[in-house]
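Novice: Each chain is listed here by its residues.
Number of protein chains: 2
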Amino acid sequence: MMKLNQFARITADPATQYRELAAIGLPADPAADFFATIQATYAKLFPVASSPQAIADAQAAIAVDDYDTLATWLQTPQHTMTRREFYNIGLQLLGFEAFTDFQLTAPLTFMAQTKLPVVDRDLIHTADFLQAIYLLLTTRTKHLVTLLDDLANRGFFKDYHDGYLFFNGKSQNVFDARQLVRECVWIESDLDTDGDGQRDMLEATIFRPKETDAGIKMPALFTANPYFHGTNDVDAVTHDPDPKLAVKTESHTKADVTYHPAPQPDLPHRTATGEGKAEVYADENGIYSLNDYFLGRGFVTVYSAGVGTRGSDGVRSTGGVSETASAVAVIEWLTGARRAFTTRTGTTETKAWWCNGKVAMTGKSYLGTLAIAAATSGVAGLKTVISEAAISSWYDYYRENGLVVAPGGYQGEDADVLAVDTFSRQKAAGDMLKLRGKWSQTLDAIGQAQDRTTGDYNAWWDERNYRNNLKNIRCDVVSVHGLNDWNVKPANVIRFWNGLRDLPIQKKLFLHQGQHVYLNNVLSLDFTDMMNLWLSYELLGVDNDAPAQLPNVTVQDNVEPETWHTYADFGHSAHAHKTRQYDLLGDFTGERASFADNATGTFKARHQTSDLFEAEIIKPASLYRDARLWLTQAPASDTRVLEGVPHVHLRLWIDAPTGILSVRLVDLGPAKRFGTVADVIDGAGYQLGYDYKTDKIVEFKPAAETASKLITFGHVNLQNPKNAYEIQQITPGEAFTVDFDLQPTHYVLPAERQLALVIHGADMAQTQRPTAVVNYHIDRASSSISLPFRVNENG
Amino acid sequence: MMKLNQFARITADPATQYRELAAIGLPADPAADFFATIQATYAKLFPVASSPQAIADAQAAIAVDDYDTLATWLQTPQHTMTRREFYNIGLQLLGFEAFTDFQLTAPLTFMAQTKLPVVDRDLIHTADFLQAIYLLLTTRTKHLVTLLDDLANRGFFKDYHDGYLFFNGKSQNVFDARQLVRECVWIESDLDTDGDGQRDMLEATIFRPKETDAGIKMPALFTANPYFHGTNDVDAVTHDPDPKLAVKTESHTKADVTYHPAPQPDLPHRTATGEGKAEVYADENGIYSLNDYFLGRGFVTVYSAGVGTRGSDGVRSTGGVSETASAVAVIEWLTGARRAFTTRTGTTETKAWWCNGKVAMTGKSYLGTLAIAAATSGVAGLKTVISEAAISSWYDYYRENGLVVAPGGYQGEDADVLAVDTFSRQKAAGDMLKLRGKWSQTLDAIGQAQDRTTGDYNAWWDERNYRNNLKNIRCDVVSVHGLNDWNVKPANVIRFWNGLRDLPIQKKLFLHQGQHVYLNNVLSLDFTDMMNLWLSYELLGVDNDAPAQLPNVTVQDNVEPETWHTYADFGHSAHAHKTRQYDLLGDFTGERASFADNATGTFKARHQTSDLFEAEIIKPASLYRDARLWLTQAPASDTRVLEGVPHVHLRLWIDAPTGILSVRLVDLGPAKRFGTVADVIDGAGYQLGYDYKTDKIVEFKPAAETASKLITFGHVNLQNPKNAYEIQQITPGEAFTVDFDLQPTHYVLPAERQLALVIHGADMAQTQRPTAVVNYHIDRASSSISLPFRVNENG
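Those protein sequences? They're chains A and B, same order as listed. Per full-length UniProt numbering, residue 1 is the first one in the first sequence, and the count goes up by one each step. Per full-length UniProt numbering, residue 1 is the first one in the second sequence, and the count goes up by one each step.
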């Protein structure tokens with residue numbers, strides 16, 4: 001049974017409803033005749049039909065009950081309309097099928113199961129019908145979007161040419177997404193990252209609805225996308241996970257590792273000889289369906305790849321201040337605070353004359369990261385960011401507690417690899433003739449600064465820690481992250497969220513059950529519509545109370561399909577949380593206290609892959625059983641909800657001067673858990689506009705039974721028992737303690753399932769792969785794990 | 001190393017080349033100044049740039065050698081241009097990158113490796129340059145299409161508004177695919193399949209470039225697509241593979257099983273009250289990227305789902321004559337030979353006034369099947385079909401030699417299941433109110449007629465054997481099939497091809513290494529461009545000699561990546577073939593002659609799936625080792641190329657009155673063979689028009705090493721030792737012979753690899769699953785397999 005949860009629907013008073021119905025050309029007079037209103041309304045709800053006969057045919061396809069079609073039912077004047085009649089028709093308009101999806105005898109039962117709203121009584125007065133129609137138009141369809149959106153996708157607004165139209169607080173699809181002006185401009189930055197003595201010019205690609213040419217000013221959805229102009233092959237520069245861990249000799253202080261900005265050189269401005277319109281057509285296509293969805297709703301979409309990408313000047317810095325400045329420069333141009341030119345080297349200036357001065361940033365991963373980066377600049381005109389699966393500190397992407405770690409699935413990647421990957425300027429060989437030396441130096445410097453030898457935090461990483469600058473944020477923030485994202489791990493979003501808590505801005509958090517994916521095409525949540533409410537409020541000044549309408553925290557359940565919980569905050573002690581500490585001797589039990597980390601040997605002998613290792617290390621009976629401690633709790637008698645940041649305190653000794661420690665918290669017990677990738681429900685069902693692009697609709701569903709599943713994990717270099725820059729030498733055989741956090745989680749552990757704790761050494765998927773076998777002994781009596789729980793699941 | 005094989009490029013004489021260059025607005029005068037011609041040409045090849053400065057910037061991105069960009073190189077008059085200079089620039093225009101894809105010192109080496117054509121000398125005269133540019137424009141890019149197509153995708157023809165434009169024999173992308181008129185019409189058929197006394201009205205959806213409104217007449221690409229308006233859930237009607245095989249008691253003659261058409265009732269025509277334009281907008285989207293690609297090239301695309309689908313009248317018949325008649329009716333309307341109306345029940349007639357009277361059919365699977373079906377009607381106006389993975393006889397889809405078999409991956413599917421699947425009329429509940437009884441009777445009749453009890457051929461299946469009517473075909477035929485398609489198996493295409501051989505039509509055959517997939521987005525073949533040549537010839541009357549230009553048979557190699565062989569014919573004794581017969585006692589060796597078919601027991605005990613069974617049954621060491629004979633040949637010392645239809649002759653006895661026999665021919669030996677699914681090379685790299693849709697680009701690549709791979713297989717009911725309708729009772733313990741064909745194949749077996757023959761009973765993925773264990777004894781000395789080989793691989 002499908003569940004179409006909905007959070008973006010506003011409850012409007014009747015007068016507002018009538019006004020909005022009238023604005024979209026539907027009957028709206030509560031004093032008008034009841035049946036005439038019904039007839040006139042149903043004549044309008046089949047926009048594909050442009051003649052009375054075609055409308056009658058469309059109505060004949062709808063069953064009202066077992067005897068009448070809508071066409072025959074409308075032939076006899078009706079004085080009342082039962083809810084059953086109304087919703088039999090309504091469900092078919094929403095895309096559901098009588099006889100299969102629902103029964104004509106029980107539409108209300110189906111609507112309740114599907115979480116669709118209904119009016120509370122049969123329809124007797126015209127006002128009853130109008131309000132029921134208003135509610136139905138704002139109800140979600142089987143096609144992800146609301147009924148009014150779905151009608152618009154079939155041409156409901158094709159003859160509307162009167163500027164913006166808002167319905168239920170959201171901008172409607174009245175512009176023509178097919179008729180885009182596609183153009184490039186070059187923005188003059190304050191940077192000279194390629195050292196040629198000239199300001200780096202940054203290409204930006206603009207897709208704007210043609211209606212802007214007629215004078216309508218629109219806001220911009222800007223996606224800073226380093227991948228926009230292509231990526232390079234990185235096989236040759238990807239690192240081998242090192243077989244030896246370094247003995248660290250140098251400890252650092254907070255001051256040592258603090259970034260201090262270098263003074264910017266004073267660069268000459270380009271001479272401008274006049275102003276003109278764009279001279280270059282944008283031949284790249286948009287890459288995010290949510291952006292595309294908003295084109296027909298009166299939002300210009302803008303992409304810019306930044307320094308060092310094809311068509312722009314400069315070199316890449318993998319999240320450095322030059323990349324933040326690149327994104328900020330685009331916003332400054334959009335809001336009139338910076339110059340741009342029609343060509344990369346010419347002197348004709350060009351303005352964003354079509355922009356209403358308000359900008360939102362969107363994007364996932366590196367793209368969402370740059371949205372956070374730009375937000376921390378406090379740049380004027382940036383009203384909100386919707387950042388998904390974003391990095392909030394690059395140290396939390398490529399390093400962890402003094403260890404080199406890999407983004408999940410990309411063992412051997414590092415900052416220098418990503419710099420090569422995104423240096424698409426390399427694709428323009430003409431650019432490269434004079435740039436090869438500079439780029440080679442730049443890359444060497446990144447390789448040096450990222451310091452794969454110690455894995456420690458330093459000033460270079462500190463430059464890339466956007467959380468240092470959260471206090472500068474002036475825009476509202478929407479953060480979205482997958483609870484199973486082991487590429488950009490959840491610490492990035494939760495540490496960011498915690499840093500925002502006390503800032504005087506609006507902030508919203510979405511946590512879904514996906515890995516490193518977008519959220520807008522998941523059927524069970526009206527994320528697209530929520531963002532319409534949000535962006536209409538932020539960028540178009542619609543008075544829709546979006547900050548109060550949308551929950552602060554929306555979390556997808558990991559057990560009940562298509563279920564989303566809303567909370568006031570996440571993992572915060574003030575909000576219905578408690579933390580319990582469990583020792584590892586009685587609370588968790590297991591046979592042993594020692595293990596020998598020979599994971600690399602087994603991994604190589606068995607020709608394992610990272611994926612296979614990750615599956616194997618959490619199996620009750622595992623290839624790696626001798627390379628780990630396997631500790632379990634008794635099954636719980638009640639459902640428990642973990643939420644927040646688990647903390648590990650371990651006392652141990654090892655027989656070597658170096659060691660990696662990994663800890664995994666595991667959900668143990670046979671169960672059909674969600675698959676790692678959402679199922680495709682409809683390959684092209686999410687329509688992004690009238691006669692326009694489509695995207696697939698997906699949903700997370702229970703997959704094949706598994707014995708266990710990773711809840712969360714963490715890794716530490718044992719030479720960094722306190723933090724990522726202070727070092728403590730290890731004396732083999734001598735006990736010491738380490739304290740570190742696991743990745744944040746929200747995890748429903750059903751009754752009868754067990755928590756298991758896996759303590760092991762190197763993580764073949766994430767850490768270096770030392771070949772020397774190290775023996776570990778855990779003093780379980782002096783070790784513990786603290787687990788945070790939500791006390792009242794729906795608190 | 002990528003290989004961009006090309007078959008659709010025509011060698012044109014210089015005068016034609018100059019004329020065509022002039023037609024697209026490029027310099028074309030061989031008497032003009034050499035350097036001025038070069039300058040003027042390179043100014044035109046950056047259509048995204050609309051000003052001299054923007055063009056100069058684009059030229060600056062191209063390296064001519066290690067010192068000059070195209071911009072600087074063009075600043076000094078040149079009297080010659082070396083091939084190295086020309087192709088350094090050329091490769092960058094084709095989308096390749098200097099320094100990574102190729103070296104500026106050796107562009108010609110790269111072009112040869114990539115199979116790109118080059119002129120044979122440095123450029124001295126203007127004519128040399130013009131001819132080199134012409135060749136380059138018709139050369140394939142990294143983006144699958146030719147350079148001129150790629151330029152068109154960036155706006156090269158955006159200001160061209162002068163009707164069709166042909167270049168190198170192919171229609172160019174000069175129409176606006178974004179500006180489609182989308183409309184529905186209802187075609188009046190001669191059928192009354194739902195028995196309501198009225199002619200079944202058949203909905204057709206039309207996407208036509210807006211230029212037709214201005215009077216340009218275009219041909220139609222018509223796809224008869226039963227899935228177009230959605231499918232139904234079939235879980236409830238899918239059959240369980242039967243645990244018992246029936247003892248057949250009734251044998252049949254050819255006459256018994258011959259279909260005789262029923263007389264068509266004489267039905268009243270609808271009264272027409274006048275003529276009008278469409279009244280219904282088409283809200284379904286096109287489903288085939290090749291169709292979409294041709295919109296901008298001046299082809300209308302038409303989809304119709306046929307009887308029993310949503311928006312149409314009638315009921316489904318799973319390939320019966322009513323479905324052929326549905327497809328033919330659409331062609332008749334397109335060519336002016338049949339009436340259609342603007343609405344399903346109204347009286348306003350409407351004509352295909354925009355159609356030039358020429359139609360091609362396209363589509364894969366059921367869609368391609370209906371293309372074959374329509375072709376066998378001989379309907380006028382249908383000039384060609386491009387049918388991919390098509391069924392040529394439904395018995396060869398759901399049955400085999402007296403056995404019920406499943407399409408690969410769809411165990412339990414049958415004709416009745418597919419009828420339910422495609423009966424999308426069910427989605428219109430208003431339609432269903434009066435139709436439920438009729439549909440239920442129809443479905444019962446299909447269930448009865450398909451006869452899952454005996455699995456024998458009968459008159460009902462004979463109605464669905466399009467090969468009975470090949471002599472009626474008047475159109476040219478392109479057939480495409482995957483050599484690994486175990487859903488619609490290759491016998492469908494090869495038996496069809498063999499039936500076409502002596503007909504006075506043009507026919508082309510493509511065999512690729514995919515399963516049940518389209519071919520147009522595979523990078524190593526210019527199938528899209530080949531079809532442009534073909535359709536320009538067939539539907540637009542272009543004198544491009546397409547039948548001679550395109551190879552008769554094009555086959556993808558299964559060992560060498562990105563390699564396509566061309567042949568005069570397939571598996572035909574007249575063309576460099578020989579067949580060798582191998583006995584199963586000396587030529588093939590193995591330890592045993594007997595096995596007990598307990599496959600169903602093992603399958604169920606091990607909770608196997610069809611996929612797992614198929615992998616397991618061909619493993620050298622297998623779960624099913626006791627349920628099969630495993631016979632092998634010695635490794636071959638040379639590469640051998642199997643091509644054609646292997647034939648099995650077995651003498652055996654079994655200890656039961658019923659039995660299934662399966663035979664698999666296997667390629668044995670560790671090797672990295674192609675994956676079953678092509679790798680995605682570029683997720684959106686195949687651009688279908690200017691500012692228009694994209695599709696992914698794919699390629700078949702060697703995947704992880706496997707021990708063996710299925711070459712081909714076949715199944716027989718042992719009660720049908722001769723054919724699918726004559727029965728012979730089995731006396732347990734008494735020997736008899738069976739003769740049957742395996743699926744056709746083209747398979748390169750490299751030296752040192754072995755052929756293995758697996759003889760077993762039930763096939764869990766394809767046949768019924770009997771639970772009684774049957775013992776088989778093969779008289780190996782009296783048994784043999786005949787294998788057809790291509791003598792000269794490139795013959």
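Hints may be right or wrong, so weigh each one.
Here are the computed distance ranges between Cβ atoms for each label pair [what the hints assert, rightly or not]:
(1) B/K158 with A/D543: 30 to 36 Å
(2) A/K210 with B/A684: 22 to 28 Å
(3) B/D655 with A/Q103: 23 to 29 Å
(4) A/D266 with B/T16: 43 to 49 Å
(5) B/A684 with A/E752: 26 to 32 Å
(6) A/K351 with B/Y164: 28 to 34 Å
(7) A/Y160 with B/H260: 27 to 33 Å
(8) A/P243 with B/T82: 37 to 43 Å
(9) A/D33 with B/T345: 45 to 51 Å
(10) A/T566 with B/K351: 54 to 60 Å
Some chain B residues judged to face chain A by a derived CB distance under 8 Å, without partners named [what the hints assert, rightly or not]:
(11) A61
(12) I62
(13) D66
(14) G155
(15) G346
(16) M432
(17) A634
(18) P635
(19) S637
(20) A684
(21) G685
Think of the hints as simulated: they come from the structure by calculation, not from any bench. Nothing here was measured: the structure is a model prediction, and the numbers come from that model. Here a beta-carbon is modelled for each residue, glycine too, at the ideal position from N, C-alpha and C.
Novice: Now tell me if each hint is right for this structure.
Specialist: The hints, checked one at a time:
1. B/K158 with A/D543: 30 to 36 Å: violated (42 Å)
2. A/K210 with B/A684: 22 to 28 Å: At 23 Å between Cβs, range holds.
3. B/D655 with A/Q103: 23 to 29 Å: violated (52 Å)
4. A/D266 with B/T16: 43 to 49 Å: This hint is violated: roughly 60 Å between Cβ atoms.
5. B/A684 with A/E752: 26 to 32 Å: violated (46 Å)
6. A/K351 with B/Y164: 28 to 34 Å: violated (41 Å)
7. A/Y160 with B/H260: 27 to 33 Å: Violated, since A/Y160 and B/H260 (Cβ atoms, about 58 Å apart) do not stay within the stated range.
8. A/P243 with B/T82: 37 to 43 Å: Cβ of A/P243 to Cβ of B/T82: about 49 Å, so the range 37 to 43 Å is violated.
9. A/D33 with B/T345: 45 to 51 Å: violated (27 Å)
10. A/T566 with B/K351: 54 to 60 Å: holds (57 Å)
11. A61: holds (4 Å)
12. I62: Holds, about 5 Å.
13. D66: holds (7 Å)
14. G155: holds (5 Å)
15. G346: At about 4 Å, which falls below the 8 Å cut-off, the nearest Cβ of chain A leaves the hint on B/G346 intact, so it holds.
16. M432: holds (6 Å)
17. A634: violated (30 Å)
18. P635: violated (25 Å)
19. S637: violated (31 Å)
20. A684: holds (6 Å)
21. G685: violated (10 Å)
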